[in-house]
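A.B. asks: With the sequences and hints as input, model every part of the structure.
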Amino acid sequence: MEFSITFFQLFFIGVYLGLPLLAVLCFVIIGLGLVVGRLESWSRFDSIYWAFITALTVGYGDIRPLKKPSKVLAVIIAWTGILLTGLLVAIAVKTASITLEIFIDPNVIEQIEKRVSKA
1 MEFSITFFQL FFIGVYLGLP LLAVLCFVII GLGLVVGRLE SWSRFDSIYW
51 AFITALTVGY GDIRPLKKPS KVLAVIIAWT GILLTGLLVA IAVKTASITL
101 EIFIDPNVIE QIEKRVSKA
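Be aware that the sequence shown starts at 1, since it is given in the numbering used here, and climbs by one per residue.
Note that these hints are calculated values from the structure, not bench results.
Values in this document were obtained by computation on a predicted structure and should not be read as measured data.
From the three backbone atoms N, C-alpha and C, an ideal C-beta is built for every residue, glycine too.
Each hint should be verified, as a subset may be incorrect.
[To be verified] Quick list of the computed label-pair ranges, beta carbon to beta carbon:
id	residue 1	residue 2	range
1	P69	K114	24 to 32 Å
2	A96	V35	31 to 39 Å
3	D105	K68	55 to 63 Å
4	V35	L87	21 to 29 Å
5	A23	V75	54 to 62 Å
6	L19	I76	20 to 28 Å
7	L39	L100	41 to 49 Å
8	P69	A23	22 to 30 Å
C.D. replies: Here is the structure:
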């Protein structure tokens, strides 16, 4: 349990430190989603919903852009979402690495490295 608590504490510190970039990416997704929504005559809720479904590469297909400018913006939203997801994954991986270093005995790591190098 202590491992999990430490992981989440460090993860949220990482998110806090990355918040300016995370916020910019979210605002880009929301802003472009609202532009597409205006071009396609969607409600604000549907526009933001579609933008995040597209950005997170879920793509249910229940709402889709029909106009060419909207489709170009959809690609930009998708790439922005990939950046957002990649940043969160990078924070999680680094956090897991640090947490493992805190809780795992260095002797155990050496033994594992020796076994791997022999194989």
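A.B. asks: Can you let me know if the beta-carbon spacing of L39 and L100 is within 41 to 49 Å?
C.D. replies: With a Cβ separation near 47 Å, L39 and L100 satisfy 41 to 49 Å, so the hint holds.
A.B. asks: Indicate whether the distance between the beta carbons of A96 and V35 respects the range 31 to 39 Å.
C.D. replies: 37 Å, holds
A.B. asks: Using the beta carbons of L19 and I76, state whether their distance is inside 20 to 28 Å or not.
C.D. replies: Holds, since L19 and I76 (Cβ atoms, about 22 Å apart) stay within the stated range.
A.B. asks: In this structure, is the beta-carbon distance linking V35 and L87 contained in 21 to 29 Å?
C.D. replies: With Cβ atoms ~23 Å apart, the hint holds.
A.B. asks: Quick check: does the Cβ-Cβ distance between P69 and K114 fall within 24 to 32 Å?
C.D. replies: The hinted range 24 to 32 Å is violated for P69 and K114, with Cβ atoms some 59 Å apart.
A.B. asks: Lying within 22 to 30 Å: is that true of the beta-carbon distance P69 to A23?
C.D. replies: For P69 and A23 the Cβ distance comes to about 26 Å; the hint holds.
A.B. asks: Evaluate the given range 54 to 62 Å for the C-beta pair formed by A23 and V75.
C.D. replies: 22 Å, violated
A.B. asks: Within 55 to 63 Å or not, the Cβ separation of D105 and K68?
C.D. replies: 59 Å, holds
Hint compliance for this structure: hints 1, 5 are not met, and every other hint is.
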